[in-house]
Amino acid sequence: MPQELNYWLTTVEMPTSPALPLPESADVAIIGAGFTGLSAALALAKRGAKVVVLESETIGWGASSRNGGMVLTGLKLGVNKLISMYGRELTRRMYAASLETIDAVERIVKDENIGCDFARYWTPRSCLQTDAF
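First residue of the sequence shown? That's 16 in the working numbering, and the numbers climb one at a time after it.
Since the hints were derived computationally from the structure, they do not count as laboratory data.
Careful: at least some of the hints might be erroneous.
What the hints assert, rightly or not - Distance windows between CB atoms, simulated: (1) Ile98 <-> Leu35: 41 to 49 Å; (2) Leu87 <-> Glu28: 23 to 31 Å; (3) Ser40 <-> Glu121: 32 to 40 Å.
Predicted model only: the values in this text are computed from it and were never measured.
The beta carbon of each residue, even a glycine, is placed where N, CA and C say it ideally should be.
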């Protein structure tokens, strides 16, 4: 499948990874070398797991290279829809988890010394303490 042209791929040189033979064994095999897969691999490896990441394209090939670098709060479905499906308390917990992901990204950027100009603009944590939803 041909790679789509996007800003990130046309303004930087993508790192190349040599094709390596698969290891004889691993504690965990992760499919996909995007944000989620690589974050999971990093967390598991730091806890001592032998991790292998499998990617059919290049690192960050899919949505991870096309999101504009934004880390957003909230969920895909609107709050009212989520409340009708799951109730107010579970919706509040899901939203809180979405905020925690921003904390996780910020921690990874800091801990791994990633030069990406991470900036946190606004986190509506007050919504979790009010009747906003």
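Status of each hint after checking the structure:
A beta carbon spacing of about 47 Å between Ile98 and Leu35 agrees with the range 41 to 49 Å that was offered as a hint. Checked against the hint of 23 to 31 Å, the C-beta distance between Leu87 and Glu28 comes to roughly 27 Å, which is consistent with it. Taking 32 to 40 Å as the suggested C-beta distance range, the pair Ser40 and Glu121 conforms, at roughly 34 Å.
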